[in-house]
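Colleague: Chains as they are written, first to last, in my numbering: chain A, 604 to 1145; chain B, 60 to 384; chain C, 271 to 796; chain D, 68 to 383.
In case anyone wonders, no lab produced these hints; they're calculated from the structure.
Keep in mind it's a predicted model, so treat the numbers as computed, not measured.
Glycine is no exception: its CB is placed at the ideal position from the N, C-alpha and C atoms.
Worth double-checking, as some hints may not be accurate.
As a list, the in silico EDC-like pairs of lysine to aspartate or glutamate whose alpha-carbon atoms are at most 16 Å apart [stated by the list, open to error]: (1) A:K803 <-> A:D890; (2) B:K181 <-> A:E663; (3) C:K386 <-> B:D374.
The following residues of chain D were derived to be distant from chain A, with all beta-carbon distances above 12 Å [what the hints assert, rightly or not]: (4) L114; (5) S115; (6) A131; (7) P142; (8) V284; (9) H293.
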Amino acid sequence: MSEPIISVRNLVVEFPLRRGLFTAVDDVSFDIMPGEILGVVGESGAGKSMTGAAIIGLIEPPGHIASGEIYLKGKRIDNLPPEEMSRLRGKWIGMVFQDPLTSLNPLYTVGQQLIETIRRHLPMNEAQARQRAIDLLDEAGIPTPESRIDSYPHQFSGGMRQRVVIALALAAEPELIIADEPTSALDVSVQAQIIKVLKKLCESRGAAVMLVTHDMGVIAETATRMIVMNKGKIVETGSVGDIIKRPKEDYTIKLIEAIPSIKDETRRHEAPPTSTLLVEVKNLTRDFDLSPGFFDRLLKGAKRNVVKAVQNVSFDIRKGSTFGLVGESGSGKSTCARMLVGLIKPTSGQVLLEGQDIAAGLTQERRQKVQMIFQDPYASLNPRWRVADIIAEPMHALKLVSNRREAEDRVADLLRRVRLDPVSMRKYPHEFSGGQRQRIAIARALSSQPEFIVCDEPTSALDVSVQAQVLDLMRDLQDEFGLTYLLISHNLAVVRQMADDVGVMHSGVLVERGPVDAIFDDPQAEYTRMLLNAVPDISKVE
Amino acid sequence: MLAFILRRLAQSIIVMAVVALIAFMLFRYVGDPVASLLGQDSRLEDFEELRERLGLNDPFYVQFGRFIGNALQGEFGISYRLQQPVSELIISRLPATIELAFASATIALVFGLTLGVFTALKPRSFASGVIMTLSLVGVSLPTFLIGIGLIYVFAVELQWLPSFGRGEVVDIGGWRTGLLTETGLRSLILPAITLSLFQLTLIMRLVRAEMLEVLRQDYIRFARARGLSKRAINFGHALKNTMVPVITITGLQLGSVIAFSIVTETVFQWPGVGSLFINSVQVVDVPVMAAYLMFIAFVFVVINLIVDILYFAVDPRLRVGAGRR
Amino acid sequence: MRKLLITASVLALGLAIMPASAETIRWARNSDALTLDPHSQNQGTTHTFSHHIYETLVDRDVEGNLIPRLATEWSVKEDDPTVWVFKVREGVKFHDGAELTAEDVVFSLDRARSDKSNLKQLHSAVASVTAVDDFTVEVKMTGPSPLYPNNLTNTFIMDKGWTETNNAVEVQQAGSTDDNYAVRNTNGTGPYILVSRDPDVRSVLKINENHWAESKPAITEIIYLPIADNATRIAALLSGEVDLVQDVPVQDVERLAGTAGIRVETGPENRIIYFGYRLGEEPLKSSNVTDKNPLADSKVREAMHLAIDRNAIKQVVMRGQAVPTGVATPPFVNGWTPELDAYPEKADAAKAKELLAEAGYPDGFTITLDTPNNRYVNDEAISQAIVGMLGQIGIKVTLASRPVAQHSPLIQNAETDFYLLGWGVPTFDSAYIFNDLVHTKEGQYGAYNPSGYSNPELDKKIQSLATEIDVEKRNATIAEIWKTVQEDRVLLPIHNQVLAYAMKDKFTLAVHPENQPRIYEVTIND
Amino acid sequence: MSSTNNPAVTEQPRSRFQRIWDSDIFFSFRRSPITIVAALVTLVLILSALFAPWIAPYDPFNPASLNLMDGFTPPNSESMMGNYFLLGSDHQGRDVLSTILYGSRISLFVGISATLFAMAMGISLGLLAGYRGGTIDAVIMRVADIQLSFPAILIALLIFGIARGIIPPSQQENMAVWVLIIAIGLSNWAQFARTVRGATMVERQKDYVSAAKLIGVHPLRILIRHVLPNVLAPVLVIGTIGLALAIIEEATLSFLGVGVPPTQPSLGTLIRIGQQFLFSGEWWILFFPAMTLILLALAVNLLGDWLRDALNPRLR
């Protein structure tokens, strides 16, 4: 066996914070072999990104390597002076960041950024560098690279930008690429392509990859060996197949258990076999007028531009069931959700709640019966309000309680039901973790005793283990209160676990709907098939 | 781009109209021009007659209509006080103000940018701390005190520099410049410093804040990860991105230098439009005041337009149509 | 040293060929002349500037006596007391070479009394002006006007031909939409010729080599620099950028006088600083006494007179640069007497309080005092001092301080209860004071009398002064009027302003009583 | 990167004081000696202004207590009338120390009131513009743009001018302070409006606003109870810096002679008066008020600067 490209030995990264020293990476050791794809997985705060940053020497102050060593091909690099380290970056170690939208300087063409990087590391003249840049873009799968090279980043879509970023990271033929959540900001279908590109480019060059991600599915599809990290420490190391199929450590076992799979047919909840319809959505349509201003139309002859965000969408939700609405970003699923709760008025179409059309406006009844849980628990709770006030607001607004005492009792009760200590009603949202906040948001939704709750990506901002807890809670509450859910998610596995019926949306159109197993096992629409194929899933591990 | 500029022009016209109304309306109330125009020996009939002749007894809208009509022809009437056409007066005073504004804008820009970049790149150094604290002193000093202080030290005590005026001027095709004579240049130093100090600190703090913000961006981290040199990152990437927001605010700040020069010009007896304005306010010389306000609004509009065009030049996101949806 | 040598050689050369050596003075004051049209503005600063370019028929010396200028002699026509005869100086040339004749004088007087002229009130008694011959002019008055020549000291003579050629016969008026040639161009007979002018910034005058006077001015070039800010003006003198500062703040007199190389000249101005008040029966607008006017009671006015410590104002506020007085007329003026001038050496607060109590105001009352803050020497500070002094006898005064542009209308529109004003007397005669400050506000009288004071008997006496030819009798009437004015305490005089000019000690220039310094009178000390 | 700076928050109940003492803001305060000095100076100046009637050795606003003959006494000496003046006396025989104490009272009152006025106006218009958007937003922001293109001092002069035209002369002096407040306030609202509008546009997109809308909370209540508290942080920063600006602006206006009456001088008026004695040797009449003004403005600016850094999480 050859020499490892990177050897990390007893690495400790510390952040001196005002409340004491925070150890982000704690005694971590591992090697990466040439051509190897090493997956590093862990939940947020596990120290996986920090490990990557430590290798490439980009830890943000005041963080610093407290002890340990890092060797690049046997040469120690963690104590190099900054200028030497910067010559190493790009040339030996490349890096790909999570968000392709912010990774590229908006003021330079991609060509300028590529050529600049190439010439920094390789002895080439402008023309040679340009040719190389075009080749790189071509390899990265950018169509017509000769013309695209002079485009600015904003002229590329997100997926295309990430290809550019990969091309940039590989521009000087580094031996190691550190990819920090390279696909997390992308849609499922794009995600698959990017993983392919990354894999292909690295294979063809024999470059090793350190793939840092929270998504076990991505690792399962890409990596050969993996490291599981938790709270700065390495929990388990081994081949991907071994860890996913035969986890040894308690933490890993729990983690793998918490990850839903699209192949997993065990559902968390089964709707009672009633046929009463609670919600009927009929031909729901919504247009957004994105026309340019008067002067542009006049002078440029620009046309009116009406975007059909949602077109003719119809579906029913049975009482006590969960309807899953899946689709990628921009598919119109959130617009749908917002029309259902009354935050957006439909251009046309009907929403019937127990047979009554509620699309017209916000009636007291609708406000009480229909509630919503939002995606980002950080933005959905007013940071300046105490938890008690947040949860009690619907009660006061809808006049469901007569005095503060009563409200407080109800809040305490609700907190208990979402498995939180009633004492915490005196606290502010920032004193809670993401999962706890989402529980608070659920408690708020429940406080008006609704029948129907629209859940817009309720768990996509959460770690998998927390996601599992929240989903469990949602299931318990559904049993307890006989709730009906509309679950909107881009995560097909979550939908498979939770929903009784599924609708698939694409570009504002509902392409397919039906019972959950039928859709997942035997998709009819072309789009659904593509989507299911593209999803990186732990079941796909060999 | 053309559409954009046209839209801006349309807005500018509205702005000018509003300012014209304000200019006219407000100054109509500042005081009674009649009383200050006539001497100690004037009689009551003289007052009445003068009011009538100045049209001050006409209804408000008639006066305003007359004002707008004349303004469109660049005609702001005759200064009550100096009995010369206002437009001529302003034009003859303009070189002084523009040279002063230009000099202080240059000082403010050069030092503001340099210091701003320096303090952003070395945010934790001792020098940055000193510069930041000193900049606060700069903001906390009223302009008039700075001027008086500089005069006292450099003109009276040390007698190094002149205390007032703009020295000898050379007439070049109607533009009287003080930049070509030694006394003219020496006279420029103190007022230019006084006027620039406030803008300098503003620009410096702005550049620092924006640059710190930019340095925190992903693309800077990515540029580092690509192994670019510190120089290329700081000046090639960070500075250029810093300039985008800085251009707008700085542009407007520099525009307001012209208007801001009122106090400085007064303290240094600088013969520009600002001191013309203050002198006119004291005797309620309405035509001059109205014209001055319109002039400032015009400067604002023009600078806004230049800033917009610069924005186009710097930021490709505006210049090049987006390929995304 | 080298410079000195050059100067010396130039001087030697100059003595041989030229009447005077080249000598420039840089003259700074607080504001610029408003216009160059000599008949457009009746305003001191403008007149001062015009006196160097244009000339008047008669002039006044430093003592205030009339002296000949373009008129060599003047008298009332023997057989007609309503006609004044002026002999015009011969051999006088305008700057453009034209000769001065009686025609020019007639033209100028007609222009000065024309409708649009700002000087017309000075000539309101003129019926017609005619040229008798090339060098004699007769002015026919509507009635006997014994003091008419006094009104001519600021009426400048223009060249008829030049004015007509350049379409400037009509006087430029404030607010006019036309540009007038005479506003920016000059053609006078005066000792200096305008070289360049940049309003508010800088004007340059050079000596008129063809001037009629036998003695040539020592100064051959004047650079006139308006500097509005007091501190800047003084700084410019201290740093050597100007040679002569006309408006020296009183507080700087001492320091400047003690500075090597700087000379300060001081002297009284023909200007009285006084307070006026509303003394009619109507209640005051700014007082807490709302049912009547406390000032209508002469005891209250007497109390105020007694409460004021004029010497303290002189000593502290004016730094000694004032002549305290008990009468509202400067000593230069016909009618002034030392007896009238007497004033209480010290304030007598006890007696003043007593008087107030007698009048029914043992606890005083409130009132607002309107003061200008940029017109007279330390005007605002004087008013502020008065606020304190009146406060000590229980009159609570609120001070309202404004630039003169906003202060004057209050007086002209009678919108003030209590105000500070300064009054210059260009005619050097008490009638000028009575007409505007004492006479009931009606017609052309009482323009600056917002007090509501109206004494028909007194008004009649005041009006008689205009036409009385008998000097003895006229002076007796003046004395009578002053007696009543003093008894009624119509005006509350404080002091006569003292002016200070500061200059490089190379130059000497005495203070002009009307604050119209003549640069051609500057002498150079070697 | 997700926010991870929450390592092991100890869950012991803490007293309110402890919570404030431990809060991030107060922590950064404790660590910055210059900020502590600035806060102390501000506090001392505010307190001494507040308690001027009890602290000041003389009452300079009571003209009856003044004696002209006390005038121009140098610092730390007795006048010829036998009165002692620590910082000397001015041309009216007023104790400079006392006039500074009373003067800062007026300067601070005007500055604080004007800033509050500007804040109130800017916040309401900013909230309205940011929340409603559309034409209202365009109009408000255009006006703000115009306003911002003119120096505050010019605008204040204008407003002062109109006030002079509207208010009858006999009332002008009593109204002077209020006119000043309105003039300065009106010339500074645009900053607040802009900031609040920007922040509001961000906040109104957040889901907690949607959640409130969903249950039918009145828009006005959403604005005041939900959005407002969340946009206050930048407002506080601008407000502090705006206070320093307002104090300087008041001084400049008073310096130009359009401020409060000289019998009740603010710091700016005192400087205007003192400036007359720059060359005549009575330096203390100018020096002490000018120093006080600079010190006050500097201290408030320092506080604002610190606040900006402390409240901006990205800068921490």
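Colleague: Among all the numbered hints in the text so far, which are the ones the structure does not match?
Modeller: Checked against the structure, the hints that fail are numbers 1, 3, 8 and 9, while the rest are satisfied.
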